[in-house]
Each structure stands twice: as structure tokens, then as C-alpha cells.
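Q: Sequence:
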Amino acid sequence: MKFFLAASLLPTAIGAYVAPTTNYDRCLTPSEADDIATAISNGIEVDLFPDKVSPDQSSYWDMEYHGTYKILKNTQDTISTSYLLYQCGLSTMPFDETELAQFDSVFPVPYEGGIVVTATTQIPNVEILGRREKISAFAITENLVSSPCLSQVLIPEGKENGSVTILPLYNDTAVEDYLAANPDSLILGGSWDSAPKMKNKVVISDIGESPQKAIDDGVDVNEAQAEWLEPVGSLFNQEKFAHTYNLERKQRYECHTDNAAQLAAVADDARPKVLWGYFSDYSSGFDAPASPNYYVTYAEHCQADLLIPEEGKEGSIDSWGYKYMTDEEWLEFGRDADVWIYPSDNFNKLLSQKNEYLQQFKAVQNEQVYDYQMSGGEGWFEKRLAEYDIVLLDMCQVVGRNLETFPPHQRMWLRNVFTESPRTLGVCTDVDELFEPRHMECVRNDEAVNTDSDAPGILSEQPSSANQVGLAQAFLASMVLMWTVRA
Numbered sequence: 001m002k003f004f005l006a007a008s009l010l011p012t013a014i015g016a017y018v019a020p021t022t023n024y025d026r027c028l029t030p031s032e033a034d035d036i037a038t039a040i041s042n043g044i045e046v047d048l049f050p051d052k053v054s055p056d057q058s059s060y061w062d063m064e065y066h067g068t069y070k071i072l073k074n075t076q077d078t079i080s081t082s083y084l085l086y087q088c089g090l091s092t093m094p095f096d097e098t099e100l101a102q103f104d105s106v107f108p109v110p111y112e113g114g115i116v117v118t119a120t121t122q123i124p125n126v127e128i129l130g131r132r133e134k135i136s137a138f139a140i141t142e143n144l145v146s147s148p149c150l151s152q153v154l155i156p157e158g159k160e161n162g163s164v165t166i167l168p169l170y171n172d173t174a175v176e177d178y179l180a181a182n183p184d185s186l187i188l189g190g191s192w193d194s195a196p197k198m199k200n201k202v203v204i205s206d207i208g209e210s211p212q213k214a215i216d217d218g219v220d221v222n223e224a225q226a227e228w229l230e231p232v233g234s235l236f237n238q239e240k241f242a243h244t245y246n247l248e249r250k251q252r253y254e255c256h257t258d259n260a261a262q263l264a265a266v267a268d269d270a271r272p273k274v275l276w277g278y279f280s281d282y283s284s285g286f287d288a289p290a291s292p293n294y295y296v297t298y299a300e301h302c303q304a305d306l307l308i309p310e311e312g313k314e315g316s317i318d319s320w321g322y323k324y325m326t327d328e329e330w331l332e333f334g335r336d337a338d339v340w341i342y343p344s345d346n347f348n349k350l351l352s353q354k355n356e357y358l359q360q361f362k363a364v365q366n367e368q369v370y371d372y373q374m375s376g377g378e379g380w381f382e383k384r385l386a387e388y389d390i391v392l393l394d395m396c397q398v399v400g401r402n403l404e405t406f407p408p409h410q411r412m413w414l415r416n417v418f419t420e421s422p423r424t425l426g427v428c429t430d431v432d433e434l435f436e437p438r439h440m441e442c443v444r445n446d447e448a449v450n451t452d453s454d455a456p457g458i459l460s461e462q463p464s465s466a467n468q469v470g471l472a473q474a475f476l477a478s479m480v481l482m483w484t485v486r487a
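371 is the number that this note's numbering gives to position 371 of the sequence shown; each next residue is one higher, with no gaps.
Among the hints, a few may not be true.
Straight-line alpha carbon distances no greater than 27 Å define the calculated DSS-like cross-link-like pairs of lysine-lysine that follow [claimed, not checked]: (1) K349 to K362; (2) K349 to K323; (3) K313 to K213; (4) K273 to K362; (5) K273 to K250; (6) K197 to K213; (7) K159 to K134; (8) K313 to K273; (9) K323 to K354; (10) K73 to K213; (11) K159 to K199; (12) K323 to K313; (13) K240 to K250; (14) K273 to K354; (15) K73 to K134; (16) K250 to K213; (17) K73 to K197; (18) K273 to K349; (19) K240 to K73.
Pair ranges (Cβ atoms, derived) [claimed, not checked]: (20) A195 to P30: 19 to 25 Å; (21) L100 to A261: 49 to 55 Å; (22) E436 to P30: 22 to 28 Å; (23) S80 to A261: 35 to 41 Å.
Since the hints were made in silico from the structure, they are not lab data. No experiment lies behind these values; they were computed from the predicted model shown. Glycine included, C-beta positions come from ideal geometry on N, C-alpha and C.
Taking the hints into account, I'd like the entire structure generated from these sequences.
A: Now the structure itself:
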């Protein structure tokens, strides 16, 4: 993403008008508004948004800046909306009533009203931006919320004192009724929103970012999804904060990717094979992976081969338009995988029912099966996009393509179903504290890898019994690699 800062660090005065050096975190005072109006009438160029963002990886949003207002656009084919965001406190609106009709929603910024979330993936961005306590309604099932401070404190207290409303799932009428009673609310819509042009709604298409389009455009789908923090930040004039936060996360992700590539370059083992899929109780079959997809990108970055079924061999079970594999088909497809990523919470149940069958899989024999419950069952769906750099590092560790560090990386998402118990995101200790996604700082290994074929390479422990750690551990111990863990 591109980000632009004001050229001067000090305010620039033109008559009574003083050009800001960063976006306002409040409404204009009447005096400031009058000075701006006077400057504009005198032909002076005014820019109230010196901190600007534009998409770098994302395909479905765009931003235009026009001095006293900005226009956020959602360009996803099925959404196609535009939103006028004008600086709060202006003495004169930038458009008249007729012209305002061209926008799907109009908001003063920084927006200070209540927020209605309609998808759990919206929660981390709201929390990162320090707006957790502004959430006034949830159009989602309450038990799907995994945020400790929301699920443990704000939702229970809010339901009791009336400051939080739980709306029915997938019910546009209920949302519209809530909006009628709370007209200053901001509704965050989702990628498959059935009413994208509803008044006071801004559609966030993070999970709608297309893996295929990302490949076609030469970008990364995981980065594209996370980049939506920036347009959300623009609703609160927090472009600078959102961009800086996103850039740091992006740099860690790309650093882990580069380190995995360098480790693979000096490794003398074959690329690990990864099986991704789970057994659907509802469809009575195994849900096979599809490419392109976000998890394929993770595997590629970790220098592993994620198994993809050949066209026409996706499975013989047809359930509601989706293909699932029988036991026999799944065994033929994945029995030789080194690692099995099981994206569901029912593996242990499956193991109790099909133990003899599952023991035919190499990953089961070597106890290299991982689900997503290291941070609880629902946390994966809510916070995976916000912690995509950690998901990558977890993946690289389980396939043996991460640097051994001190302290070692503790997986935060992928859980070994044989040796580790499900965990949670923890306990809320301060509802006013900013949400800080967990991460491990990354130091690039550019100087650490010796590509001389006669020299020992740096190898992390492999997922199978073929461990190659002797010289590698000794070599790593001599490296000065400082990693900082922020829980």
C-alpha cells in the first residue's frame, strides 16, 4: 500500500488557516471551521487529510482524497459502493442534498458513533484501532465471538445495561430496525452482504479478496485481506496508525517467507508434503483442498507442497453442490503426506471412530496432525486474518522450515492433536487496553545461511523422524539472532 505524509512536520499557516500535519482525531472547532471556509473561498488549497492510504495488495477498495472530504470505494463486483467521509465539524458540507445521493453512505470523520459488526473477522480491526467499546450491536451469533474483552466483559455487561444488542443472524430487517432506533450507527457489512447499499453501511470485503485475482495481479491474498485495516482506519482518520501497523505486520510475514526460502535452499531433504482437509460429519466425507486458496499460499511460502486433487478427482460425494471424498479416495489422496493440517475441531472424535483407518496415513503414524485450536475453536475464524504472519510461522514450523530461535517460537494457532490440548485466547484484564495481535519479531537470515555445499546449513527440526539438527543447532547457537516475543 502507498502512504503519504505531509511534507512539513510543523503546521503551515496561510492567513488564519493552519494546515494540519496529521489527520484530525476530533471534530473541527467552530473557529477552525470558519478559517477553513474562508481559506477555500479565497482560493487557498486546503488538505485536512495529510495522512493518506491507497491499496497495494488489495483488489476491492480504493480511496480518493479531496481536501475536506475523502471517498472510500468498495469495488468488489457484487458490492460496488462508494462512501463519502467528510471532516467532522465543517461549516459547509462539500455536496448539496442532490449531489449526496450519488453516495451509498455519508459519514463525518473521525466517526464517533456506535458500530454494528456483522462478521467476526471485523472485530480485530475495530479492536486494533482502539474502538472496541464503540461496538453497540452484533448481527452474529454471540458464542462465535472469541475476543476475551468482548466475550467476557463488554457483551455480558452490555446486555445487562442495554448498551449492547445481539441481533439475529442474516436478518437485514432486524438491522434496519436497529438503525431506525439508532440512526447514528455505523454498520460494517461483509463480502457476501445481501444488502450492501443499506443506509449507514460500509462493506468490508477482506475475506472476499480473490486468491485467483491475487495471483493474476502478482500480489499476496493474505496480505490483501489484512490490508483492509487501512480503509477501516480511514473511517476514524487513523490512516497513519493503520498503515504503520499493517506495514510492520507485512514486513514480518515477508521476512518469515524469505527465511523459509533460504532454509530450503540449503536443506538436503525433499519438500514436505502437506495434506489439508477435514471430515465433514454433515456430508459424511472428507473436504479436499482447492487451489488457489489462502492456505496454498502459506504452504508455498514455507517451501512445502500442499496436495491438490486432480481435476475430476475432487471426490465422488456430492453435497449441496460441493464435492467430498470417500474414505478410500481420501486415503489414496493423502496417505503419504508428511503433515496433515486439519482445519476443524473434530479430529479426536474421528480418531475414536476410524482409528484403524487413520493409522494408514503417514502423518498420523508420525503424530504430525495439526488443527487450529491452539487459540480456541472460534478464534481461528475471528483473528486468523489479523495474525496472518503468525499463521505463516506456525505453518513453517510444522513443516520444518523455520529458524530455531531462543526463545523458540510457540505456535499460537496450529495445535498438535496428539500432544497438545486446546487452548484459548486468554482472559481480559483491561477492556481499555488496545488489542495487540500476537507476533514474533523476525530477523532476516541473509547473513546466516552459508550456501557453500561443503558447509553446514541451517536446518530446523523436521516434522518426521528424519531429524537433521546436529551441526545445524551448533551453527545456529553461534548466530546472533535477537527475536522478541510479544504475547
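Q: Now look at each hint and say whether the structure bears it out.
A: Status of the hints after comparison with the structure:
1. K349 to K362: Roughly 19 Å separates the two Cα atoms, so the pair holds.
2. K349 to K323: holds (22 Å)
3. K313 to K213: Holds, at about 24 Å.
4. K273 to K362: With a Cα-Cα distance of about 11 Å, the restraint between K273 and K362 holds, given a limit of 27 Å.
5. K273 to K250: holds (26 Å)
6. K197 to K213: holds (24 Å)
7. K159 to K134: Cα-Cα ~14 Å, so holds.
8. K313 to K273: holds (18 Å)
9. K323 to K354: It holds: about 21 Å lies between the C-alpha atoms, which stays within 27 Å.
10. K73 to K213: Holds - the C-alpha atoms of K213 and K73 are around 18 Å apart, at most 27 Å.
11. K159 to K199: Judged against 27 Å, a Cα distance of about 25 Å means the pair holds.
12. K323 to K313: holds (9 Å)
13. K240 to K250: Given pair K240, K250 holds - Cα atoms ~15 Å apart, limit 27 Å.
14. K273 to K354: Roughly 23 Å separates the two Cα atoms, so the pair holds.
15. K73 to K134: holds (23 Å)
16. K250 to K213: holds (19 Å)
17. K73 to K197: holds (12 Å)
18. K273 to K349: The hint holds at about 24 Å.
19. K240 to K73: holds (19 Å)
20. A195 to P30: 19 to 25 Å: Check failed, 37 Å falls outside 19 to 25 Å.
21. L100 to A261: 49 to 55 Å: Holds, since L100 and A261 (Cβ atoms, about 51 Å apart) stay within the stated range.
22. E436 to P30: 22 to 28 Å: violated (37 Å)
23. S80 to A261: 35 to 41 Å: holds (38 Å)
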